[in-house]
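Student: Residue-level listing of the chains:
Number of protein chains: 2
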Amino acid sequence: MPADNIAAPAPTSGTGRKTEMPLVRPPAVRGGEHPFVCSSDNNRLIAYEHRVKGAFHAIEPCLRDISALRHDADFVNKAQRLVREQLGFELPEALLDDSWIEGLDIGRLHSWCTFETYRRMSEDFYVKGPLAGGEDAFQAFIEECGFHLIDVTPCADGRLAHVISYVLRLPYGPVRRRSYAGALFDVEDSLEKWVKTELQRHHELTPNAADQPTRYLKVAVYHFSTARPDQEGCAAHGNDTAKAAAAARERLNAFREGVENTYCCGASIDLLLIGLDTDNDSIRVHLPDAEGRMDIEHSISASELFEASLQARGCEPLEWIAEYVRGEQQRGGRSVPADGMVRFVSRLLLGNLSQIDYVRRFHNGMYGDLGHQESFIGTGIGFEEIQLRNLTYFAYLKTVEEGAADLDVGIRIFSGLNVARGLPVPVVIRFDYHGSVPGARERAEERCRRLDRALRERFASLVADCKLHTLLMVRDVVADSAADTIECSALPQRAEMH
Amino acid sequence: MPADNIAAPAPTSGTGRKTEMPLVRPPAVRGGEHPFVCSSDNNRLIAYEHRVKGAFHAIEPCLRDISALRHDADFVNKAQRLVREQLGFELPEALLDDSWIEGLDIGRLHSWCTFETYRRMSEDFYVKGPLAGGEDAFQAFIEECGFHLIDVTPCADGRLAHVISYVLRLPYGPVRRRSYAGALFDVEDSLEKWVKTELQRHHELTPNAADQPTRYLKVAVYHFSTARPDQEGCAAHGNDTAKAAAAARERLNAFREGVENTYCCGASIDLLLIGLDTDNDSIRVHLPDAEGRMDIEHSISASELFEASLQARGCEPLEWIAEYVRGEQQRGGRSVPADGMVRFVSRLLLGNLSQIDYVRRFHNGMYGDLGHQESFIGTGIGFEEIQLRNLTYFAYLKTVEEGAADLDVGIRIFSGLNVARGLPVPVVIRFDYHGSVPGARERAEERCRRLDRALRERFASLVADCKLHTLLMVRDVVADSAADTIECSALPQRAEMH
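Residue numbers (the numbering used here), protein chains in the order written: chain A, 35 to 532; chain B, 35 to 532.
Bound-form chain A, shown alone:
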C-alpha cells in the first residue's frame, strides 16, 4: 500500500462494536520531531496496520450492504460484485445460492469472511514478508551483546500481539515468541526449547557455535493500563500490575534455576523483565543488576527517556541511551550489568521511542480500543504472522484439557464482542509442524481435528446455536511456506446446512 494512502484507521465504532468513554489524552507531539524516532519505519508500519486491520473492519459494513440487497432479483451477482469491491475476494457460491429459500446466513458469512481475510493476510505475510528485514544485522548485534537467541514471552492478550515487530521493533524471524496468559510461560517447555537451541549450536553451529561465550536471553513482558488500571490491566493477574510483574519475574527465575540445576558445568541463561502500558505502547525495563537480579520497584521508563532525549542532537542514539540507562540504574542505587546487556536494552528502548511516536502520531497518543477488540481467536501452536495489536485473542495450547482456562476467557470476550450481537465466534485452529520429520504433517492435522472436537464439546451450546465456527490450518515451518487450510466449518457441506 503506498504511503499516500495512509489515513486515520477505520474508527472502532464503524465495526459496530462497543465504543469506549473518551479519556484524557497525553499532549500530542508532532511526528518526526524526536531525533531518535525512525519516521520511515513508522510510515511502513502504519500502512501495514491500516491495510490488514482495514480489511477486517470492512467485513461488517460490506455484509450490511449485502443484507440490504437480499431481496433484489439479481442478488447473487450484485452481492459478489460488492464483496469483490469492498473485500477483494468472492464469496463461495454455496453461501449465497439457496439464500432465496433459506434466507441469508449472515453469521456464517461473517465467519467465512473473517477466515478468508485472515487466510489472505497470513499468506501475504509468508509469501511477501511485509514486515521482514534486518534479520542478519540483528543476529550480529545480539551476538556482540553476548546473546545468541532472544526468547520473548509476552502475555497472550491480543493487545501485546505486536510486541516484537512494533513495540520493540525487533525482526520477528530470529526472535522466538511464545505467548502465555499472564506471561506465565511453561518452564518445562522452555527448558526443552533451550536444550534444542544449545544442541543446534553444537551440531549445526547455528545461531552460533557452542564455544562462543554467548547466552540465551529469556524476556517476559507483562502489561498494564495507566488510563484504566482496574479494568484494562492483565486479566490473568486480576488487573494487579505489581502481581503481574512479580509473577513473571518468578517464572523467569524458575527457568534460570531449572537450567542451572539440570545442566551443570556453568550452564545458565540471562533474564529480562519488561512492562508494557497497553494504552500507549510505552515500555518500562527492569534492568538486571550486575548479579542478574531484577527489581520490581525499579525500572527504566521509555516515556521518560522519550522526553529526556527530545533535544539530543548530533550523537549516536544507542550510545546516548546506554549512558542514560547506566545513569538511571545508578540513580536507583543499583549495580550496572554487563555492557552487552546495557547495549541490548538500549536498543529495545530506542525501538520503543519510535513506537511511542507511532501511537502519538497515528493514534492520538492513546489507542481508541483500550480494551479487547479482537477479530478472531487463534489457538494451537504457530501464528507467527500475527504481529498486529488487538487482532487476535491467542490461546497457545496443545489440548483443550490443558488450555481450558485460556479458551474460556477468549470465548467470554467474544461472547461480548460477537455473540451478543448475533454473530458467531470465529476460531482459527492452527498447528505448525516440522516437514522434515516423516508423518509430522499428518500428526499436525490430527491435532487440529482433535482440538476442534474438544472445543466443540466444551462449547456445545454455542455450536448448537451456530455461534462458533472453526478454520483448521497447518503450516510447515521448515519449508517456511504459507499455512494450508484443512477444514472450515463456515463453508457449508450440503448435509450440514439442515
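Misleading hints may appear alongside valid ones.
Repeated chains share a single entry, so a pair holds when one copy, or any two copies, can fit it.
Once the Cα atoms are required to be at most 16 Å apart in a straight line, the calculated EDC-like pairs of lysine to aspartate or glutamate come out as [unchecked claim]:
1. Lys501 to Asp139
2. Lys162 to Asp514
3. Lys432 to Asp223
4. Lys432 to Glu222
These aren't lab readings, by the way, just hints derived from the structure by calculation.
On a predicted model such as this, the values are computed, not experimentally measured, just so you know.
Start from chain A and add chain B according to the hints.
Tutor: Same frame as chain A, now just chain B:
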C-alpha cells in the same frame, strides 16, 4: 524372599477372574539344563514375581473372608487382624467404622487395598531396589557395542511390562522405556528425548562424551500370540502380527529420518525391531543389515536358538550366539551389520534364553493368563517400578484428550475383569517430575488433578456408580525417591460417602 519359599504362583482362578481353556503346551524342559541359562537370576526373578503378584492376588480372598465376618460382634478388630495377616497392612478405620450402619463397601475396600499394595511395592522398588544391579557393566558393554543409550518402546499392553527386566534381562535403570499402544511411539517426543540425550553428552559428558563415536539405539517391541493368534495378539493392530511389525518398523524409520533431516552433520541413530510371543516370552529379532534395513519376513528366533544351543558346552555364550546370529543372517541372504550390533543383539538373545527357561520352569512353558489379567490401570508419565507381566494396563499420556483411545481400551478391559463382577476399576494417576526445576512438583500435582478431573468426566457413569477409583501420585526422578501420594478417592471423606 528366600529361594526355598518359591512355589507355583497363585493360580489365576484364585483371584475369581475368568480362567481360560487349556492349551497344548510345548514339551517341558527341566530348568537348569540349558548351558546358557542363568538359574540364579531366574530364582531371584520368580521370587520377586511371586511376592508382588501374590500380594495383589491375596486381596480378593482376604476381602471374601472379611465379608463373611461382617456381622460378628468384634468385626473391626477381627477384620484388621485378618488383613494384617494376609495382606501385611491395616485398613483405614474410616473404611470399617460405619460398616454396621451402611454395610461394608467391598468395592471401595478392594480399590483401597489394590492402591495400598501398589504403593508398598512401588516404595519397596525405589527404596530397596529388588531388581537393581549391573548398571555400570551394562553401560560399559553397550558403549563397546557402539551405543550410548538404549531406548525401548514396547507396546503398552500389560503383557509386555516385564520386557526390560525379565524378557530381555536388561537393567531398567540405564535403559529408557516408553510404552505406547501398538509400540507406535510419538516421533516428536522421541526427538526431544534424543536432543536432550545428545546435549547431556556435550555438557555433562554423560552417558559418554559427545566426541565418542557411539549412537543412540531405538528399539521397538511388537507382540503376538502363537497359541491364540486371533484373540491374544496386539489389539492396537487388530491381532495382525505382520501389520504390528510393519507399523513399528515404519515408526522407527520415521524417527531416524527425523533425526537425520533435523540435525545435519551426519547425525543419525540405530534401530532395532523385536517381536515378542506373549504366550512364552520368546523373542524374534529383526536384525538390521549392513545398511540398517530391517526385514519383516526375516528374523532370528530365540526359541530356535534355545534348541540349537542346548548342547553348546565349553564356549563363551556371547561369542557362540554371535556366530549363530551371523550364520542366520547370511542364511537369510542378508548382509551382516557392524560387530557391535551383532554383539548387542546376542546379549538380548542370551538374556531371552533365560526367560524362555523361566517360563518353561515356572509357568509350564506357557502362561496361564494368556489374556489380560491386570490388577490396575496406570496412567500419566512414570511407572518405572512396573517390571512385572500382566500387573498393569498402562496408558502413557499427558491428557485424556490425547490418550482417550488408550484409556477407553483400558476401561473396557477392566469392565470385563472388575466391573462385571461388581468391583470398581482402580486407576493410578502418576506424574514424574524433575525436582531440580522450581515449581515442577506443583505442576506435576496439578497435572494429576487435571487428569483426574478429565478422567471422571469421560467415565462419568462409572463414577456415578462408584465403579472408578483413583490414586494420585507424583515422583521426583532427580531425587530418585519413592512416589508421594497426593490423593486417593477410595479413602472416603465424610462428605463423599453420601
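Student: Please go over all the hints and tell whether each is borne out by the structure.
Tutor: How the hints compare with the structure:
In the homo-oligomer, the alpha carbons of Lys501 and Asp139 lie at most 16 Å apart inside one protomer (11 Å), although the nearest pairing across protomers, at 46 Å, exceeds that limit. With identical chains, the CA atoms of Lys162 and Asp514 are at most 16 Å apart within one copy only, with a shortest distance of 12 Å there and 52 Å across copies. Taking CA atoms no more than 16 Å apart as the test, Lys432 paired with Asp223 passes in both settings, with 12 Å inside one copy and 13 Å between copies. For a Cα distance limit of 16 Å, the shortest separation of Lys432 from Glu222 qualifies both inside one copy, at 14 Å, and across copies, at 13 Å.
Checked against the numbered hints above, the structure breaks none of them.
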